[in-house]
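Novice: Working from the sequences, and respecting the hints, build out all of it.
These are the residues of each chain, in order.
Protein chains: 2
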Amino acid sequence: MKIELVAVGDELLVGDVENTNAGTLGRRLTAAGLRVSGVSTVGDGLDAMIDVLAQAVRRADAVIVSGGLGPTSDDRTREAIAAVAGVPLHRDPAIEDWLRRRYRGMNRTLTALGLQQADVPEGGRSLPNANGSAPGIAVEIGDVAVYAIPGPPHEMIAMTEEQVLPDLLRRAGEPPIRAQRQLLTASIGEGVIAAMLEPLERELARDGAVEVAYLATAGQTRVKLTSAGPGGAAEVDAAAARARELLGGCVYGEAGDTLAGVVLDLLRGRDATVAVAESLTGGLVAAELTSVPGASASVRGSVTAYATDLKGSVLGVDADLLAAQGAVHPDVAARMAEGVRDLMSGTYGVATTGVAGPDPQDGKPVGTVYIAVAGPEGTIVLSLLFSGSRGRIREMTTVRALDLLRCVVAGLPAEQDPACTG
Amino acid sequence: MKIELVAVGDELLVGDVENTNAGTLGRRLTAAGLRVSGVSTVGDGLDAMIDVLAQAVRRADAVIVSGGLGPTSDDRTREAIAAVAGVPLHRDPAIEDWLRRRYRGMNRTLTALGLQQADVPEGGRSLPNANGSAPGIAVEIGDVAVYAIPGPPHEMIAMTEEQVLPDLLRRAGEPPIRAQRQLLTASIGEGVIAAMLEPLERELARDGAVEVAYLATAGQTRVKLTSAGPGGAAEVDAAAARARELLGGCVYGEAGDTLAGVVLDLLRGRDATVAVAESLTGGLVAAELTSVPGASASVRGSVTAYATDLKGSVLGVDADLLAAQGAVHPDVAARMAEGVRDLMSGTYGVATTGVAGPDPQDGKPVGTVYIAVAGPEGTIVLSLLFSGSRGRIREMTTVRALDLLRCVVAGLPAEQDPACTG
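Protein chains in written order, with this note's numbering: chain X, 1 to 422; chain W, 1 to 422.
Because the hints were derived from the structure by calculation, they are not lab data. Yeah, the Cβ is synthetic: ideal placement off N, Cα and C, and Gly gets one too. Do not rely on the hints blindly, as some may be mistaken.
Stated by the list, open to error - From the structure, some residues in chain X lie toward chain W, with a derived Cβ separation under 10 Å: (1) Thr41; (2) Pro71; (3) Pro93; (4) Ile95; (5) Gly151; (6) Leu200; (7) Glu278; (8) Arg390.
Specialist: Dropping the structure here:
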C-alpha cells in the first residue's frame, strides 16, 4: 500500500514554518510497517490544492492531507477534497452541534467561517478532534482512502494515532514488517559509536541479514539495526545484544524511551529524588525532567541562579569562591549541585554553569561548560567545551547533565565510561 | 514565476532525515522576491521520480531538484531528468577529468557509478560543486528551467546562492517583490483575532490590494499582510497601521521579534528585572527568557517549586493556604510570584501553577492554570483552562505567562485587554 502525504499552507512554502509533520508521519507510519511513497506541500490556493491532491490520489492507495481545516477564509482543504471527489459538501449536524457547544464553552463566537468546520464531502465522515476545534475527514475517492487531519502537530499526532493509523492498518491487512531495534545513546558522537561497533559491523557484513545505520541529533546518537527483509527478529535481537555488549553503559534505552524518562525511572526505582541548579541552561534541565508525566514523584524542583549573586544567596556558593573564580568554574558547579540538594532536600543535586554565548564570560570562551552531580557518595564534575550556537550549547549541556545524572544514579563508572565523560 | 522544489531520497520519506532543504530554500527564494509554489518529496525509485518531476515541470516555470546526484546506485536524478526531457545523457569530458583528479587527490577509487556524476542531459550544462563531488545540472525542459543540486545542506546552499539563484533572478527579470508585514500576537486565538480584524478585512476586500492571512502556532497567532501584486508597500503599511489600531496591545511585535525578546527589551528599557516561580511549566518560562542573548541583564533567576512543600519552604507561600487549597489555586500563584520577587530581588515576579496532566490534581481538572505577575503596583492573577496534551498545556502556559508579564511591564490594562485575559 502506497501512502502519500500532502501538507497544506503558504507558511510551509515560504519557510515560515518547517513541515515537521512530514517527518513525524513518515517515522510513525514506517514504524507501523506502512510505506510513505511521496510527500507534497502546497499553498492555500484552491486550484493548486486540487491539482496536487488529484495527483496524489492518482499515484497512491491512501492520502493523508494535513492542514487547511480551520475557521478562516484560507482554510480550503474541505473544498479541495470535495472537488477532487466530484461531490458536494454537506454540513454534519452532530459536528455543528459539537462546535456550537465547544465555542460557547470557550466563550467565543462561532462565525460562519467557523461553522464550515462541520462540512464533510458527501459519502465521507468526520473524524472527531479531541485536541482542537477542527474535525478531520475520512472519505473514499475511487478506491483511495483520503484522510484530512489538522496541521497543528499535537492535533495531527493524536488524530493519526487514534483514528487514521488503525484505519490504514485495517486496510493494509498484514503489513510486511521488517524487524528493527534502535539503541539510544547520549554524550558520544556518531563517529565514536561507529568505531565502538566496528566488530559488529564486520560480523554483520558477512551474512547481510541485518543493516546498521546511525542517526545523530543534538548530543544523541541512535543506532538502528534493521533486518534486510521481512521477519528477521531473531537476527536483529542477536545484533542488538552484541551492540549492547560493545557499547556498555552508553546505551540509555531503546526506541520510545527518552533520556529524561529513563533517569526518572532509575530515580523512582531507588526511591530517590533530584533537585536541579542551573545557570547557562536557564531552566532547560528542569523543563526536560518535568516534561515526563509523573515527574512529581522524583523531581523536587530547581533553581535557576542566572545572576551570579543568587548562586551565593540562594544556593549557598561561597562568596569568596565566586569573587575569585567567577561563576564559570568546576568548583562553582560542584557547590551549586550540593547547595540545591540541601535547599530542596533531594537525594541528588545536578548543576550546570558555563558560557552559552554569544560573548565570552569571566575570561572563559563560549562553550566552556561545567556539569556537576552531588549525591550520597559525593560530587562529580565534568569539564566540557562545546562548539556551536547559544541554543546548541544549551541543548548539548542539558543532554550531558541528564546523562551524567543517569550514570551516577545507575552506579556506572561516570569518570571512566565514555558515555559519561567522552 | 512559479518555482517548485523536488527533494529526492527514501530517507526523507521514512523521516530518518528531516527535509530542512525545503524550508531553507523557501526562505531564501522568498527573501529574494521569488515565489515557491510547491514542494514534493519522492523516494529513490526511478519511475516515481519521473512522475513527480514531470508534474512539477507541468505546473511550474522553474524546478529545483535536490538530492540523488551522488555516486551510488540509488542516485538516479540525472536519469529522471533526462527521461522527462526526452533526451539522452552525455558524459561531460571536462567534469570527468575534474572528477578523476578530485578522487585521485582524495586517494579514492572512481567507480563506474562515480563516473556517472559527469553525465548531463543533452542540451544541459553541469553546475560545478565547490563543496563536494557531485556536480549539479541546469537544463531547459520546454520553457521550464530545471536545476538539480546536491542534497547535503551546505552543498545545496552554496550552489543555490552562487549559481541557481542568480540564474533564476535573471530569468524572472525585475523580481515581483510583494510587500509584507507580519504582526505577532500571543494569548488570543486565530478566530478572535480574525473577528477583531473584520472591519479591516471588509475594507481590504473592496480594493483587493492587500491580502490577510493568519498563522496560528501554540498560543500565538501571526497576522500576515501581503500586497496582492509587486510593490504595494504603502498599502501594506496602511493596513498594518489599521490592524494595530484594531488589535491594540495584543500585538507584541513584528516579523523577527520573539515574545521573550520583546519582554526583555521592555524590562531593559525600564531598568527592571524579573524572577520566575514555576510549577507546572517546570522551567520552561525561565528557559524561554534565557534563550535570548543578553538575558542576564534582566533575568535574575527562577525557582521551580515542583514539590508542594517547596512552595512553602523556598518561596514562602503560607503553609495554611497550601494545606487548605492545595498547590493549584490563584492565591498560591500570587504568593509564588511575590515570594520569588522577594527571594531574588526582582522588580517583577511571575509565577505559574496548574495541572499539566495526565491526571487531575487536588480536585482540579487537567488544564486548570493560574498565572500571576507581582510588581511594584501589586499582583495580578489570570485563571485559565487549557485543553490538549501535557506538552501543549505547558507550552500555552509559558506563552501566556510571558504575555501577561509583557502587558504588566508595558502598562497595558492586563485585566481588561483581551490580549492579556482573553
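Novice: Which of the numbered hints are not met once you compare them with the structure shown?
Specialist: 3, 4 and 6
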